[in-house]
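Going down the list, the sequences are from chains D and H.
Just so you know, we're using the numbering used here here: the first sequence kicks off at 4 and counts up by one.
Just so you know, we're using the numbering used here here: the second sequence kicks off at 429 and counts up by one.
In case anyone wonders, no lab produced these hints; they're calculated from the structure.
Wrong hints could be hidden among the right ones.
Now the stretches of chain D that chain H is said to cover, found in silico as 3 or more residues with beta-carbon under 8 Å [said to hold, decoys possible]:
1. 16-27
2. 111-125
3. 130-137
4. 193-202
Listed next, the stretches of chain H that the computed footprint assigns to chain D, with coverage defined by at least 3 CB atoms under 8 Å from CB atoms of chain D [unchecked claim]:
5. 472-484
6. 523-537
7. 545-557
Quick caveat: nothing in here was measured; it's all calculated off a predicted structure.
By construction, the Cβ of each residue, glycine as well, lies at the ideal position given by its N, Cα and C atoms.
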Amino acid sequence: MISFLRSYWRAGALILAAGGILFLALGGYLTPFLRLATGPVIGIQTWFYTNYQALYESVRSPRDMADLRQENLLLQAENSRLQSEVISLQEQLKDADVLYALLNFARSRPNDTYVAASVIGRDPSPFLRYVFINKGSDDGLKRGMPVLTAQGLAGRVDAVISNAARVQLITDPGSAVNVKLTSSATEAMLNGSVTGDIELDMVSQEIELVPGEVVLTSALGGTYPPGILVGQVVSVRRQETDLFQSASVQPAVDFNALSAVLVVTRFVPVDTSPLVPVN
Amino acid sequence: MAVLLAIPIFIGLLMLQTGVVESLQLLHGSADILLLALIAWGVQERVPLVLDWALIAGILALIISPLPFLVPLIGYLAVTWLARMLSRRVWQTPVLAMAVATFAGTLLYHVLVWSSLFISGVRLPIMESINMVILPSAFLNLILALPMYSFVTDLAQSLYPEEAASEPAN
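Next comes chain D alone, as it looks inside the complex (with noise of 0.2 Å):
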């Protein structure tokens, strides 16, 4: 026995002093020393851990870096694509409203037969209101047919040719278009002007007009179906030495935009000519 603990006492006291350590470390008595000795230790590996990572990046963001240029640069023309298309879609749905539009008004008036068209230019004459149309006789167009949009009225077929025509707009100076004041059921005259501006001549004075009265066509002289809208007064002109009074209209058809057109096919103008007496 005693030969046994003088040959193992050794591992015996290890075995009792790393048990007590191990007591005192469950303990929580040893952590003040843990910290002091793990501090720098910690402090070291942060430091190598750190430094390392940086290497790392540095030596592996160039690939980063080209994929990451090569994906903007896709994205970029993706982009571009699509607002290329975003822009094309929306000019496609301004074409369609306008071409619904169009439909829409054709189907209030199921008595008239029409031929929608395309405007392609515009008189390079700046004292003249004309638009060329692309479609022509080939279509079913003569001289003289109305020409309308989904607003109102818009002018008359000038001249035509197979498979084009040019309209004479109701803004031109030498455009006349007989109307009738709804409210007070007057016929008057409408001229276009030099500046585009609509104007209604030739109402009586007895007349009262009054600024938002709307206008339409009449039946008088037969070059446009009756009751088509031609606009609403803007300003009334009267004096009372003058022999009628005059008032400004603003159109019902925006003619600086205008794209799309209606052609009235079944309504032929009147010739009036031969009841004109000759002297």
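For this one, chain D is given, so just place chain H on it according to the hints.
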């Protein structure tokens, strides 16, 4: 044969005029690129056939224009002749001749147009026509005069090179 080239050139210019240029207005005036092309052609000393090109442009304009009394044809011929006279007898500097001919030619052409419309019964107040149409059109034409002159000069040089320019011009 060079004069035949005028047909596709003026057709192209006419399409550009009716489709694009006419939409770009100042007050109620607009540029006339056919007129400018003819004026620029008229101030080119190396070019022999000036009125032939004006005839082609006038006929093309006559086909589509509702103006009465052959005004586009007469107007373009008159303006081209005026440009040639101004470049030879008044201003020796081509660019200056172009500018003066543009202003004078635009006034001449629009006065012809206004007169023809007035005679045919269209109501055109004179002061309104001058302030809202003629002067703005002249201004727009002056802006486009230099680019058109450059284009036509290049065209003239390619059609009538230096050795051919020694032929007497009409």
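Is the listed coverage of the stretch 111-125 of chain D by chain H valid when you require three or more residues with a beta carbon under 8 Å from a beta carbon of that chain?
holds (count 3)
Checking C-beta pairs, does the stretch 472-484 of chain H have three or more residues closer than 8 Å to chain D?
Since three or more residues must qualify, the claim that chain D covers the stretch 472-484 of chain H is violated, with 0 doing so at under 8 Å.
Cβ contact check, 8 Å cutoff: the stretch 545-557 of chain H against chain D, three residues minimum:
holds (count 9)
State whether the coverage of the stretch 16-27 of chain D by chain H holds or is violated, taking the criterion as 3 or more residues with Cβ-Cβ distances under 8 Å.
violated (count 0)
Do three or more residues of the stretch 523-537 of chain H come closer than 8 Å to chain D, measuring C-beta to C-beta?
violated (count 0)
At least three residues with a C-beta closer than 8 Å to a C-beta of chain H: is that true for the stretch 193-202 of chain D?
It holds: at least three residues are needed, and the stretch 193-202 of chain D offers 5 whose Cβ sits within less than 8 Å of chain H.
Are there at least three residues in the stretch 130-137 of chain D whose beta carbon sits under 8 Å from a beta carbon of chain H?
holds (count 4)
Taken one by one, the earlier hints fail for this structure at numbers 1, 5 and 6, listed in ascending order.
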